[in-house]
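**Q** Sequence:
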Amino acid sequence: MKRIGIQYEFQSAVRGYRRSGSKKYRQVQIVRMAKFIRHCQNMGCTRMDQVGKRHRMSFAASLKHFAPKTQHDYQLAVGKLMELYRSSQLI
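In our numbering, the protein residues as written are 1 to 91.
In short, the hints are calculated from the structure, not lab data. Keep in mind that this is a model prediction, so the values were computed, not measured. C-beta atoms are modelled at their ideal positions from N, C-alpha and C, and glycine is treated no differently. Be aware that one or more of the hints could be misleading.
Restraint ranges, calculated between C-beta atoms of paired labels, are given here [to be verified]:
| id | residue 1 | residue 2 | range |
| --- | --- | --- | --- |
| 1 | S58 | S20 | 26 to 32 Å |
| 2 | Y8 | P68 | 31 to 37 Å |
| 3 | A67 | R15 | 17 to 23 Å |
| 4 | V31 | A61 | 16 to 22 Å |
| 5 | A61 | G16 | 18 to 24 Å |
| 6 | T46 | K23 | 19 to 25 Å |
Mimicking DSS-like on lysine-lysine, the simulated pairs with C-alpha atoms at most 25 Å apart in a straight line are [to be verified]:
| id | residue 1 | residue 2 |
| --- | --- | --- |
| 7 | K53 | K35 |
| 8 | K53 | K23 |
| 9 | K53 | K24 |
| 10 | K69 | K80 |
| 11 | K80 | K24 |
| 12 | K35 | K80 |
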């Protein structure tokens, strides 16, 4: 039986992303993506295809105590995660 869940889908989506490029930057981005996934889980998501605008807006609101650049970096990480997930679904 195939394991299906938001954590499994997250790991499979970022597997190739983790392996290439600047290792430190990629690791920081993956930590940011994981924080977003935990936020979505706390909101009740069990699959990546359940993540939507409401989750992204709620996550952005939870970042208000960070500097604007850090907020932007988190939004870039979330955008990259969604891009990676969409591309992994095409295969």
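**Q** Hints first: check each against the structure and report whether it holds.
**A** Results of checking the hints against the structure:
A beta carbon spacing of about 31 Å between S58 and S20 agrees with the range 26 to 32 Å that was offered as a hint. Range check, Y8 to P68: about 33 Å between beta-carbon atoms, so the 31 to 37 Å window is met. The hinted window of 17 to 23 Å between A67 and R15 is violated, with their beta carbons roughly 30 Å apart. In this structure the hint that V31 and A61 lie 16 to 22 Å apart at CB holds, the actual value being about 20 Å.
The hinted window of 18 to 24 Å between A61 and G16 is violated, with their beta carbons roughly 31 Å apart. In this structure the hint that T46 and K23 lie 19 to 25 Å apart at CB is violated, the actual value being about 31 Å. For a cut-off of 25 Å, the pair hint linking K53 to K35 stands: about 16 Å separates their Cα positions. Only pairs whose Cα atoms come within 25 Å are accepted, and K53 paired with K23 is rejected, the gap being roughly 29 Å.
Simply put, K53 and K24 have alpha-carbon atoms about 29 Å apart, too far for the 25 Å limit, and the pair is violated. Of the supplied pair hints, the one linking K69 and K80 holds, its CA atoms being roughly 16 Å apart against a limit of 25 Å. Our distance criterion of 25 Å between C-alpha atoms is met by K80 and K24, whose separation comes to about 16 Å. With a CA separation close to 14 Å, the supplied pair K35 and K80 stays within the 25 Å bound.
In summary, the numbered hints that this structure violates are 3, 5, 6, 8, 9.
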